[in-house]
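Q: Sequence:
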Amino acid sequence: MMDITNGVDMSIEVKEGITFNNFDTRENDMYLIDRSAPTPAEKEIIENVPFAHGVYDFSNILGERIFSNRTISYTFHIHEHDYDRRKHEQTVLENKLLGTHITRLEDSYDENYYYLGKCVSVNTTDDHVYNRLIVVIDFDCYPFKISKLPEGHDIWDEFNFELDIAQIPVFEVSGSREVTLYNAGASSVVPTIKTSSEFTIEIDTISVTVSAGAHKSELIRLRKGENRIMLTGNGTIEFDFYKELI
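Once you know that position 184 of the sequence shown is 184 in full-length UniProt numbering, the rest is easy, because the numbers rise by one and skip nothing.
There could be a bad hint or two in this list.
Cross-link-like lysine-lysine pairs, in silico, DSS-like; alpha carbons within 25 Å at most [as the list claims (entries may be wrong)]:
id, residue 1, residue 2
1, Lys148, Lys224
2, Lys15, Lys96
3, Lys194, Lys216
4, Lys148, Lys96
5, Lys216, Lys148
6, Lys15, Lys118
7, Lys43, Lys224
8, Lys148, Lys194
Keep in mind that the hints were calculated from the coordinates and are not lab data. Predicted model only: the values in this text are computed from it and were never measured.
My request is simple: use the sequences and hints to build the entire structure.
A: Take a look at the structure:
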C-alpha cells in the first residue's frame with residue numbers, strides 16, 4: 001500500500017511551527033519539515049593598501065560588528081486529499097504571509113525570542129502522488145533575535161544562567177547618582193526611558209535631558225556589557241530594554 005503521508009504520522013499533534021501576522025502554522029495543520037536560519041553576514045569595511053601586508057579592517061570601528069539582514073527559510077507539508085482544497089490552502093497562505101510588511105516572526109524553536117522581518121516568498125509545489133502541498137517560505141529578517149522578556153524581569157523559571165544577568169533597571173534618584181546597567185545581548189540597544197520627572201542622563205560623553213514620561217533616543221544607546229550612567233534629577237527612572245542575540 002502506498003504511504004500517502006510519506007512517513008509523517010498524522011496522529012501526532014503538530015508542536016513545531018511559526019506564527020506570523022496572526023497566522024499560526026500549527027493551527028493550520030502544517031507539518032514543519034525543515035528550517036534554515038544561518039547566521040547573518042557581516043557588513044565588512046576592508047581596505048587593501050598597496051605595498052602593505054594584509055588588510056585594514058574597519059568593520060568594528062564603532063565598537064561592535066555590524067550585520068546584514070538574515071534569511072530564514074521553512075519547509076512545510078500540508079496533507080490534503082482534495083485538490084481544490086489544496087489550492088485554497090495555497091491562496092490563503094500566500095495572502096496571509098505576503099499581505100503584511102515587517103512584523104514579528106515567532107518560531108517554536110526559540111520560544112523566548114522573536115525575529116523581526118517580512119515574508120519575501122512563498123513557493124508551493126502540489127504533490128498529487130502523496131496528496132500534499134509542499135510549501136517553502138522565506139523571510140528577510142533583522143539580523144538579531146529579540147527577547148520577549150525585558151531585562152530585569154523577575155520570572156525565575158525563564159532566567160538563563162548563561163545568557164541573562166540579574167539586575168533591576170529602575171532607580172530612585174535624589175540629586176545625582178551613578179548607576180550601572182548591563183546589556184547581556186550581542187548588539188547595542190536603545191532603551192525606552194520612563195521618568196517621573198525631568199532627568200539629565202549622561203552616558204559616555206553624551207548628555208540628554210528628558211521630561212517626565214516615556215522617551216526613546218538614539219543618543220542613549222547601551223553598549224554590550226557594562227554601561228555606567230550618571231543620572232541627575234529627583235524621582236524614579238526606568239530603563240526598559242530587550243536583549244538581542246544572533
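Q: Run every hint past the structure and note whether it holds.
A: Okay, the hints, checked on the actual structure:
no.	hint	verdict
1	Lys148 x Lys224	18 Å, holds
2	Lys15 x Lys96	21 Å, holds
3	Lys194 x Lys216	9 Å, holds
4	Lys148 x Lys96	23 Å, holds
5	Lys216 x Lys148	19 Å, holds
6	Lys15 x Lys118	23 Å, holds
7	Lys43 x Lys224	18 Å, holds
8	Lys148 x Lys194	19 Å, holds
Going down the numbered hints, you'll see the structure goes against none, and every one checks out.
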